[in-house]
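Put together the whole structure using the sequences plus the hints.
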Amino acid sequence: QEKKIFTVQGPYPIIRRLLRARGWVEKKFSGTGRAGGWARGRQEKQKEDKEGCDGGDGAEQGEVSRLVQDQVPNFIWTNHGSAVDRWLLQQDQVLNHYTRVGAFATKEGLCLNLRNLPWFDQADPNAFFPRCYRLGAKDERQDFIEDFHLTAARSLLKMALERAEDGPVGMEQPLKSGEGPGERPHPSPYAPTPAGPGPPLPLQLVEEALQVCGQHLGSLGHQDIDGNPSSPYMTSSNWERFLHGYYRVVHEGARLALSEGQQEQCQALLRRLAEQLPQLGMEGTHNIWVLKPGAQSRGRGIVCTARLEEVLQLAGGCMAPLARAGKWVVQKYVERPLLIFGTKFDVRQWFLVTDWHPLTIWFYQDSYLRFCSQPFSLSHLDPARHLCNVSIQKWFRPGQNQHPQLPPDHIWSCRQLQAYLAQVGRAGAWHQVMVPGMKAAVVGALRSAQDLVGSRKGSFELYGADFLFGEDCQPWLLEINASPTMAPSSAVTRRLCARVQRDTLRVVIDHRDNPACSTGAFELIYKE
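Using full-length UniProt numbering, the first residue of the sequence shown is number 1, and each one after it goes up by one.
Below 35 angstroms or equal to it, Euclidean Cα-Cα: the simulated DSBU-like pairs (lysine-lysine) are:
1. Lys527 - Lys457
2. Lys527 - Lys3
3. Lys439 - Lys457
4. Lys394 - Lys28
5. Lys28 - Lys3
6. Lys527 - Lys4
7. Lys138 - Lys439
8. Lys327 - Lys394
9. Lys327 - Lys527
10. Lys527 - Lys439
11. Lys457 - Lys28
12. Lys4 - Lys457
13. Lys327 - Lys439
14. Lys138 - Lys327
15. Lys457 - Lys3
16. Lys439 - Lys394
17. Lys439 - Lys4
18. Lys457 - Lys327
Cβ pair distances, simulated, as ranges:
19. Lys3 - Gln365: 26 to 34 angstroms
20. Leu381 - Asn401: 16 to 24 angstroms
21. Gln71 - Arg100: 24 to 32 angstroms
22. Pro488 - Gly23: 23 to 31 angstroms
23. Gln71 - Pro408: 44 to 52 angstroms
24. Ala487 - His380: 25 to 33 angstroms
Don't read these hints as lab results, they were simulated from the structure. Just so we're clear, the structure is a prediction, and the values are computed from it rather than from any experiment. Every residue, glycine too, gets a C-beta built ideally from N, C-alpha and C.
Right, here's the structure in full:
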């Protein structure tokens, strides 16, 4: 009569315990239930038993559960959002998933739909989402090739300046926080291969880069509106030759000759491009891109590469007849990340959606960091240095030169990050730059996909967004995950995952019934 019957699918002992403490009764999964929606396979049942999810019921709980086996559950928590379409839900049932969330919770969906953000908001997705292309779509594959060419030209100009003077001219210097308080990474993990002996490459290489970047700047300012776009400055063979020279500079340390006039041109051009391209600073000089399967998770299948031909080959070739749009996405790698003791990390940030119309978003005020197990280096593109996923890093041992203050389990809380930032003189970065930027990115991503998601009153969903931070502490959204893991991989995640589940129930049950109730660490950041 009180409609307090719940059912849980998957290893969520905390959800079970918290609901029982509220006086709810669990309807167990058994066999092949109604419409296939309540089915639970033997393998999943064994997994839950092993993790202690069904233990501790007691005779009284077991008897009550048997009494409600023929009743319809009022609250459903499952780890399989993809199964929602098959379930025959009644109007008053609460479910922890929405349908069609792939519009933003897959790499392909986020890549495609964030481009529509300017139609809904004045925000620029290029300010928080590294540019991304679906290689299976012919037009996007060509756009990527053009982007790779232009990035190579800009990178060549940056390297020419870096080698002509002590450090980048007109560009921000790397933070001194890479190795700790007051220390400067040496050698810099961002630096290209130092110039070696031997004759410099022809001046033509720099001239071509200046011409290409100048032409691109004109197109950004719409100065080419009356031009002839079918007559590009560089032909395919020209680009092939240019990339060969560029690779020699960045990977082999080939020397570049730069006249005084060219140096002034490079400085002026890069300054003007920085005003038009919000990603110019983070893109670095190595032209590294990340190739990702469009709908995979936990870092599976991700490859970093700095050569155009490798991207196209790994993705099946530029003319693969069976290539499906979105099967592979390629995204610009953040080459100038914020480092902690010389090591790369990202942040798993939770947020909760309780309605899509009106869009209602809650942001969790606790999060955790995931470290790589090896020091950051752009000269080595192995996963141990560049992919922060727990499921990837668990296969690697910490490097022999790992900083002693880095956690052995590769996990920090965001409060530990705040303490570190204060230690290196950036105490305000978390609350003034990083958190506001993450909130804006989450709102932008959801607004761009709002009309594509299957909205349902009474439902809710918890998501996990992965962010990387640039050396200026600006956040870059990498991806958004539905059904984020609640498995405790460390002492930090054991504590925080328990809290976010507790606070989720506070929002979707307690606060719904009584708006005066506490929502824990969830903050309402957006409601239309």
